[in-house]
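**Student:** Take a look at the letters that make up each chain.
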Amino acid sequence: MPVTRTAPSTGIGRSTSNAIEVVHVNVAYGSQKILDNVSFAIPQGAYVGVVGPNGGGKTTMLKIILGLLQPQSGTATVFGKTPREARKAGTIGYVPQSVSQTDFSFPATVAEIVKGGRVPQIGIGRRMSARDREAIEHAMKEAGITHLRNRLIGGLSGGERQKAFIARALASEPRLLILDEPTTGVDPTARHQFYALLKTLNERGLTILYVSHDVEVMQEVSFVLALNQKLLCHCSSHEFLTNETLHRLYGGDVEIAHHHTH
Amino acid sequence: MEILSIFHYEFMIRAFIAGIITAVIAPMIGIFLVTRRYSYMADTLSHVSLAGVAIGYLTGTQPIIMAMVVSAAAAVSVDQIRMKRKVFGDSALILFLSGGLAVAAVLLSISRGLNVDLSSVLFGSIATVNSTDINIIAVLGVLVIATILLFYKELVSISFNEELAAAAGLRVTLINRILVVLAAVTVSLSMRIVGILLIGALMVIPVLAAMQFSRGFRTTLLIAIAISLFSVITGLFISYYLDFSSGGTIVLIAIAIFLAAALRPGRKHAGS
Chain A
1 MPVTRTAPST GIGRSTSNAI EVVHVNVAYG SQKILDNVSF AIPQGAYVGV VGPNGGGKTT
61 MLKIILGLLQ PQSGTATVFG KTPREARKAG TIGYVPQSVS QTDFSFPATV AEIVKGGRVP
121 QIGIGRRMSA RDREAIEHAM KEAGITHLRN RLIGGLSGGE RQKAFIARAL ASEPRLLILD
181 EPTTGVDPTA RHQFYALLKT LNERGLTILY VSHDVEVMQE VSFVLALNQK LLCHCSSHEF
241 LTNETLHRLY GGDVEIAHHH TH
Chain B
1001 MEILSIFHYE FMIRAFIAGI ITAVIAPMIG IFLVTRRYSY MADTLSHVSL AGVAIGYLTG
1061 TQPIIMAMVV SAAAAVSVDQ IRMKRKVFGD SALILFLSGG LAVAAVLLSI SRGLNVDLSS
1121 VLFGSIATVN STDINIIAVL GVLVIATILL FYKELVSISF NEELAAAAGL RVTLINRILV
1181 VLAAVTVSLS MRIVGILLIG ALMVIPVLAA MQFSRGFRTT LLIAIAISLF SVITGLFISY
1241 YLDFSSGGTI VLIAIAIFLA AALRPGRKHA GS
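Those protein sequences? They're chains A and B, same order as listed.
What the first sequence shows, in my numbering, is residues 1 to 262, in sequence order.
What the second sequence shows, in my numbering, is residues 1001 to 1272, in sequence order.
By construction, these hints were calculated from the structure, which means they are not laboratory data.
There are no misleading hints in this set.
In silico lysine to any residue, SDA-like type, Cα no more than 25 Å apart, as pairs: (1) K88/A / R1171/B; (2) K1084/B / Q70/A; (3) K63/A / I1175/B; (4) K88/A / Y1152/B.
Isolated chain A, as found in the complex (with noise of 0.2 Å):
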């Protein structure tokens, strides 16, 4: 069972066959609760989306995980590393909601827009090296963008510069790709390529969390994590699209998109 619920007795064991683990994880601002003790393990490899209403966590969950935030109790891991040195690693690629709000008259091609993403890796001071450049190089085939680097992101389709994003997101050489709402503003055919891109990416073993709260992305992914405060769900992605989590998430108002069941 790819997504499991980590014993509490276990705390954290320092087990690389999972790609996050968190464990007893604690948050509240005040006396208002946001994640109350929430634990889970992603192994290795999984397509794994995480939902939940606004103000319902997920957000929390992802700083968490990228290691902008410590929880008041409780502990997560990425890969073994903490958070934080998994970021400075470069293992976490990130694709953040404020993608959408990006300023596009920003003066910069595609090829520069996804060395910024291996900025970190190559280090103050420092020029790239033979090394940093085939990885940028990479990313941008990955994500098919190559015949785009000469071209101003300002220039670009939606479609095109999510694609930009994922790839600024793969020069890191991450194996743990976070998405958070990443398709914000983009037409149905675009966002139905993106997820083609990110099933592609996810065969090719990179682990990817995507957070949204658009119930129609539970449908591309293998497991899905519902965050409401507590973890309500840790399921298939067909569990959980069929039981009444998604009621207890989000009221009895739920429309799925394309997969009406009666």
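We have chain A already, so just place chain B on it with the hints.
**Tutor:** Chain B alone, transformed into the frame defined by chain A:
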């Protein structure tokens, strides 16, 4: 050659050295302010630096150094407020801009008896660059260029998307601090040639003009430096021969280039 007789005067040689350094560093800082919609930062710092100049005159210390100290302190404070207090970036800028100007006004009225040539401070004057100024401008100018080159990749990455840069492990706060302090230093160094009220223009307008050519970041920066150098050198010649204000002339030339670039026939529309 007749036109080169200008270099028989030592003060003109000094003006050109200061001018060329200013011309190179202003757009190097400016491009990072413009692309993160922080263009007003330059203007705020220049108004605050006027308070530093006033302190310099009052206490008999080096005006450029005092301007630098005061505007660097303001730059760090503005950035701190922007991050911590969540006061809108531009409201914080207005506070500092008017505050700096008010302090300067009061201090300058106290020093009324002193021989302060306010208009050369405000609008730049090529005759006022002395040899101490040149030493300060040369040393710190080279330091600014070196620091920008050192953090170039990181600055580009942060300017494009701060959240993404932070998530990738870049020290965003530190690098932002470095940028605003460099902006403060640049403002103070540019004071002599373009004047306090026009420094912001020299930092921003060549960049805006270069952006009209819709190129990548590095090319845009190189075009901006070329435009800035052309404006400063041509401006210095014109202001020498026609006795115009150097700052005003330089900025008018930069604006003319911007208009020519923006309105040129066959210009492709930049995306979005």
